[in-house]
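Asks: Which chain is which? The protein sequence lines are A and B, in order.
Positions 0 to 630 (numbering that gives the first Met the number 0) are the ones given, in order, by the first sequence.
Positions 0 to 233 (numbering that gives the first Met the number 0) are the ones given, in order, by the second sequence.
Hints were generated in silico from the structure; no laboratory data involved.
Quick caveat: nothing in here was measured; it's all calculated off a predicted structure.
Keep in mind that a hint or two might mislead.
For lysine-lysine, the following DSS-like pairs were computed, each having C-alpha atoms within a straight-line distance of at most 30 Å [claimed, not checked]: (1) A/K494 x A/K564; (2) A/K494 x B/K229; (3) B/K136 x B/K30; (4) A/K87 x A/K416; (5) A/K494 x B/K60; (6) B/K60 x B/K136; (7) A/K564 x A/K94; (8) A/K416 x B/K60; (9) B/K110 x A/K564; (10) B/K109 x A/K416; (11) B/K70 x B/K110; (12) A/K3 x A/K94; (13) B/K229 x B/K30; (14) A/K3 x A/K87; (15) B/K60 x B/K110.
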Amino acid sequence: MAAKLRAPGWYRAGAFTLLGIAFCFGLTTLIRALYSYDPLIDGYAITVVAMLGAPFFFLVGLGTFDYWFYWAAGRPTRAEDHSSHGAKSWRDYFKVNTDHKVIGIQYVCTSFFFMLVGGAMAMLIRAELAAPGAQFVNAQTYNGLFSVHASLLIFLFIIPVFAGLANYVLPLMIGAPDMAFPRLNALSFWMLPVAGTLMLLSFFAPGGSFATGWTAYAPLSTDAPLGQMMFTIGVQFAGASSIATALNFLVTIITMRAPGMSFWRMPLLVWANFSTSLLVVIATPFVAASQFFVLLDWALGFNFFNAARGGDVLMYQHVFWFYSHPAVYIMMLPGFGIVSEILSVKARKPIFGYRMMAFSLLAIVVLGFSVWAHHMFVSGMQAWIRVPMMITTAIIAIPTGIKIFSWLATLWRGVLKLDTPMLFALGFLTMFTLGGISGVMLAMIPVTIYVSDTYFIVAHIHYVLFGGSLFTIFAGVYYWFPKMTGRMYDERLGKIHFWLTFVGFNLTFGPMHVVGLQGMPRRVADYAEQFAGWNLFISMASFVLGASTLVFVWNMVASWRAGPKASSNPWRALTLEWQVSSPPPIFNFDAVPTVVGGPYEYGVPGAVHGIFNSPVEAKPAGSLVTRPTKE
Amino acid sequence: MVVVGVIASAIGIALGLWIDWFPAQASTQAKEIDTLWDVLIIASVPVFVLVMVVVGTAIIKFRQRPGEELKDGPPTHGNTRLEVIWTALPAIIIVGLVIYAWQVLETIDKKPSSEMVVVVTGQQFTWTFEYPQPGGKPVRTNQLYVPQGQSIEFKIKSVDVIHDFWVPAFRIKMDAVPGITGSYRITPTRTGDYAIVCAELCGLGHSTMRQTAHVLSRERFDAWMVAQQKGAAS
Numbered sequence: 000m001a002a003k004l005r006a007p008g009w010y011r012a013g014a015f016t017l018l019g020i021a022f023c024f025g026l027t028t029l030i031r032a033l034y035s036y037d038p039l040i041d042g043y044a045i046t047v048v049a050m051l052g053a054p055f056f057f058l059v060g061l062g063t064f065d066y067w068f069y070w071a072a073g074r075p076t077r078a079e080d081h082s083s084h085g086a087k088s089w090r091d092y093f094k095v096n097t098d099h100k101v102i103g104i105q106y107v108c109t110s111f112f113f114m115l116v117g118g119a120m121a122m123l124i125r126a127e128l129a130a131p132g133a134q135f136v137n138a139q140t141y142n143g144l145f146s147v148h149a150s151l152l153i154f155l156f157i158i159p160v161f162a163g164l165a166n167y168v169l170p171l172m173i174g175a176p177d178m179a180f181p182r183l184n185a186l187s188f189w190m191l192p193v194a195g196t197l198m199l200l201s202f203f204a205p206g207g208s209f210a211t212g213w214t215a216y217a218p219l220s221t222d223a224p225l226g227q228m229m230f231t232i233g234v235q236f237a238g239a240s241s242i243a244t245a246l247n248f249l250v251t252i253i254t255m256r257a258p259g260m261s262f263w264r265m266p267l268l269v270w271a272n273f274s275t276s277l278l279v280v281i282a283t284p285f286v287a288a289s290q291f292f293v294l295l296d297w298a299l300g301f302n303f304f305n306a307a308r309g310g311d312v313l314m315y316q317h318v319f320w321f322y323s324h325p326a327v328y329i330m331m332l333p334g335f336g337i338v339s340e341i342l343s344v345k346a347r348k349p350i351f352g353y354r355m356m357a358f359s360l361l362a363i364v365v366l367g368f369s370v371w372a373h374h375m376f377v378s379g380m381q382a383w384i385r386v387p388m389m390i391t392t393a394i395i396a397i398p399t400g401i402k403i404f405s406w407l408a409t410l411w412r413g414v415l416k417l418d419t420p421m422l423f424a425l426g427f428l429t430m431f432t433l434g435g436i437s438g439v440m441l442a443m444i445p446v447t448i449y450v451s452d453t454y455f456i457v458a459h460i461h462y463v464l465f466g467g468s469l470f471t472i473f474a475g476v477y478y479w480f481p482k483m484t485g486r487m488y489d490e491r492l493g494k495i496h497f498w499l500t501f502v503g504f505n506l507t508f509g510p511m512h513v514v515g516l517q518g519m520p521r522r523v524a525d526y527a528e529q530f531a532g533w534n535l536f537i538s539m540a541s542f543v544l545g546a547s548t549l550v551f552v553w554n555m556v557a558s559w560r561a562g563p564k565a566s567s568n569p570w571r572a573l574t575l576e577w578q579v580s581s582p583p584p585i586f587n588f589d590a591v592p593t594v595v596g597g598p599y600e601y602g603v604p605g606a607v608h609g610i611f612n613s614p615v616e617a618k619p620a621g622s623l624v625t626r627p628t629k630e
Numbered sequence: 000m001v002v003v004g005v006i007a008s009a010i011g012i013a014l015g016l017w018i019d020w021f022p023a024q025a026s027t028q029a030k031e032i033d034t035l036w037d038v039l040i041i042a043s044v045p046v047f048v049l050v051m052v053v054v055g056t057a058i059i060k061f062r063q064r065p066g067e068e069l070k071d072g073p074p075t076h077g078n079t080r081l082e083v084i085w086t087a088l089p090a091i092i093i094v095g096l097v098i099y100a101w102q103v104l105e106t107i108d109k110k111p112s113s114e115m116v117v118v119v120t121g122q123q124f125t126w127t128f129e130y131p132q133p134g135g136k137p138v139r140t141n142q143l144y145v146p147q148g149q150s151i152e153f154k155i156k157s158v159d160v161i162h163d164f165w166v167p168a169f170r171i172k173m174d175a176v177p178g179i180t181g182s183y184r185i186t187p188t189r190t191g192d193y194a195i196v197c198a199e200l201c202g203l204g205h206s207t208m209r210q211t212a213h214v215l216s217r218e219r220f221d222a223w224m225v226a227q228q229k230g231a232a233s
């Protein structure tokens with residue numbers, strides 16, 4: 000037992016978590032004693048301090064810091080120890096692992112777990128809304144459900160699942176043996192379960208879970224019960240994880256490309272994650288700041304948002320949206336990358352206008368920072384800022400349009416293989432167009448003045464995040480499933496999943512445009528009688544949509560366990576990840592590839608993207624091998 | 000394909016204009032916004048139809064047929080003229096829409112020569128309305144009464160958290176923010192009773208924060224106001 004408690008792992012993590020709680024208890028009580036506060040032992044104060052402190056003890060106990068502590072203490076480190084690479088059984092996925100392929104799968108599975116939990120909450124929300132009046136839950140529970148639903152799906156599903164997919168395929172795509180900072184990568188992953196657990200535990204907090212929406216507007220949030228802090232602090236861990244991963248991607252992409260992999264030979268998925276990572280490192284600190292303000296207001300009476308004491312309520316919204324608008328691109332650009340890969344391979348044609356595709360990603364990154372206040376057209380901010388924000392918002396439609404039209408041109412005269420990844424990619428293309436169109440409508444200030452905070456907004460964000468992001472996530476998971484698991488998924492179940500999702504999605508979220516325009520506000524547990532018919536219809540459709548996810552889960556689990564073995568390149572793709580075995584060797588490439596051409600040269604006779612004739616052994620990251628990169 | 004697209008767009012636009020999207024139109028501002036919506040429908044439908052028709056045609060015409068498993072498409076990398084067109088054309092449409100929306104915004108914000116002020120105060124979970132009286136105590140109610148055909152400026156405040164004062168039939172909304180006074184104006188055009196809805200999550204009672212706005216004819220409003228002043232004085 001003593002040995003188990005000393006070795007990194009779950010036993011030590013449990014013991015350290017208890018130690019951390021005890022430490023936070025002691026620290027809080029000591030400080031209260033020094034200030035002679037009454038009562039000396041305050042449950043709320045201890046809980047908040049422990050929510051901040053105990054996760055670090057947990058992460059240390061689990062072993063994410065071991066190498067760094069050994070190194071800092073001058074003790075021997077084991078740079079060339081690869082015992083934590085690869086996964087031999089399912090148990091290995093529950094350990095700290097520095098292999099980007101293991102971490103990628105950890106990320107994807109964890110985020111899908113939170114997706115299922117958040118999706119189940121959506122089912123409860125729709126059950127409540129099936130008829131006017133109170134059905135199953137009271138107002139507190141209802142507000143908690145939609146708040147936790149949105150928070151989980153944004154911070155613990157869409158953002159990390161993209162990071163997970165890229166974690167797996169991006170190093171392979173650029174011909175690297177791993178990410179630039181494998182240990183940081185592991186730490187980034189393990190912060191996610193911490194964030195998700197905090198958010199879910201909020202349902203057990205006195206006063207119920209946080210119930211102020213995922214936007215957590217002050218002063219509602221600064222005066223909320225304890226559960227609010229589990230959002231505030233949970234977001235800090237999810238955000239820190241995001242930032243660390245984004246830095247990791249940037250350094251990996253900039254420094255670890257294989258010889259010959261110039262920027263203009265990178266697959267668009269790599270470009271997309273490069274752009275996303277730029278957004279994350281610049282924007283995410285702002286959401287951290289907004290939540291620290293709330294924390295300080297809530298816990299220590301800082302009055303940042305207390306108007307009576309000179310606080311400024313609108314400042315919260317400005318800081319929050321300065322992150323949360325770029326965040327919608329953080330949740331969409333990686334999907335653009337996935338769809339570009341799939342459309343090109345499945346249409347057997349090069350991406351149309353490759354350079355413009357990359358430039359439009361960068362244009363969205365830059366413009367994305369200039370539009371945040373379009374979320375605040377009715378917030379009471381200074382009136383003159385609305386028109387400039389309308390103009391910049393509308394301009395974003397141009398690079399987005401370039402991408403959509405280029406994808407259409409990629410399809411044109413191709414040889415379209417309409418399998419599951421392709422169906423989801425085409426589903427994305429059409430549904431995201433609808434979300435984009437309602438986005439342009441929402442840029443028009445007079446329209447937004449009418450529809451903001453109605454179901455029209457709910458419809459728009461679900462067309463963008465479900466019809467947009469989630470369709471690309473499904474497409475990507477099916478597309479790389481053979482590479483990640485070494486097995487093929489069931490094509491028939493995949494197609495059933497697509498059609499159920501596609502139809503269920505449109506029947507659920509399409510009518511929300513209508514009830515929104517008719518004047519139904521969002522975030523309400525109860526609504527006027529006139530909206531009853533549509534809401535019952537929407538609820539019914541949403542249960543079909545919910546059931547479609549079960550088909551997906553069954554397909555994934557059954558195929559991973561017993562699907563037919565996948566060949567190394569079932570899609571006849573050119574990008575590097577398909578040139579190695581499925582799943583790839585433990586250090587990705589037995590020979591370092593040399594990139595000799597573009598990634599999408601389909602239809603060019605004899606074209607290759609990378610060649611493997613160099614017999615140099617691929618070295619794992621951390622061994623300080625620098626390889627020359629030719630631009 | 001072009002024919003299918005044109006027909007589909009025409010049907011889509013006709014449908015979009017025929018559907019009665021909005022609740023009752025009860026202010027001059029509502030008329031402007033509803034017209035802007037119609038213009039947006041006309042501009043949007045063809046864009047969506049274009050994408051659908053191209054995807055649909057590609058699926059029908061260019062799908063992989065048996066025996067084509069190893070076939071590739073032509074290696075087309077781009078077409079500068081096409082790319083210029085699909086950058087410029089949306090840009091022109093966007094510029095047009097933005098200028099028009101800006102005009103609408105100016106129109107609905109425009110201050111008329113005579114205006115009546117109503118102070119609206121939100122609190123968890125009710126609205127109170129104050130009618131300032133020159134040289135007297137303001138009249139306070141919790142039912143909103145406004146005269147038809149009179150431009151009204153709402154001055155919007157909150158005493159606790161953020162609320163949002165919205166009468167869907169008037170179309171305009173504005174957050175009630177603690178510490179600042181927001182404002183907007185509307186001119187009611189139709190007598191009747193309309194729902195007032197709080198449109199910003201304000202706590203557990205948010206969905207119950209609904210009241211009624213009564214638009215009265217000028218004479219009836221004046222009579223109501225006189226009765227209120229008497230009630231306030233006694």
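Asks: Each hint should be assessed against the structure and marked as holding or not.
Replies: For each hint, the structure was consulted:
Distance restraint check for A/K494 and A/K564: the Cα-Cα separation of roughly 20 Å lies within the 30 Å cut-off, and the hinted pair is therefore satisfied. Between A/K494 and B/K229 the alpha-carbon distance is near 72 Å, which puts this suggested pair outside the 30 Å criterion. Taking the CA atoms of B/K136 and B/K30, the gap is near 35 Å; set against the 30 Å cutoff, the hint is violated. The straight-line distance between the Cα atoms of A/K87 and A/K416 is roughly 34 Å, outside the 30 Å bound, and the hint therefore fails.
Restraint check for A/K494 and B/K60: the C-alpha separation of about 20 Å stays at or below 30 Å, so the hint holds. For the given pair, B/K60 sits about 76 Å from B/K136 by alpha-carbon distance, which is inconsistent with the 30 Å threshold. A threshold of 30 Å between alpha carbons decides the hint, and for A/K564 with A/K94 the separation of about 26 Å falls inside it, so the pair holds. Simply put, A/K416 and B/K60 have alpha-carbon atoms about 12 Å apart, close enough for the 30 Å limit, and the pair holds.
Between B/K110 and A/K564, the direct Cα distance comes to roughly 72 Å. Violation of the 30 Å bound is thereby established for this hinted pair. Distance check on the hinted pair: B/K109 and A/K416 sit about 56 Å apart at the alpha-carbon level, beyond 30 Å; violated. Taking the CA atoms of B/K70 and B/K110, the gap is near 67 Å; set against the 30 Å cutoff, the hint is violated. Annotation: proposed proximity of A/K3 to A/K94 holds, straight-line Cα distance about 14 Å (limit 30 Å).
Restraint check for B/K229 and B/K30: not satisfied, since their Cα atoms lie roughly 36 Å apart, outside the 30 Å limit. Between A/K3 and A/K87 the CA atoms are separated by roughly 21 Å; this keeps the pair inside 30 Å, and the hint holds. As the CA atoms of B/K60 and B/K110 are separated by approximately 57 Å, the hinted pair breaks the 30 Å bound.
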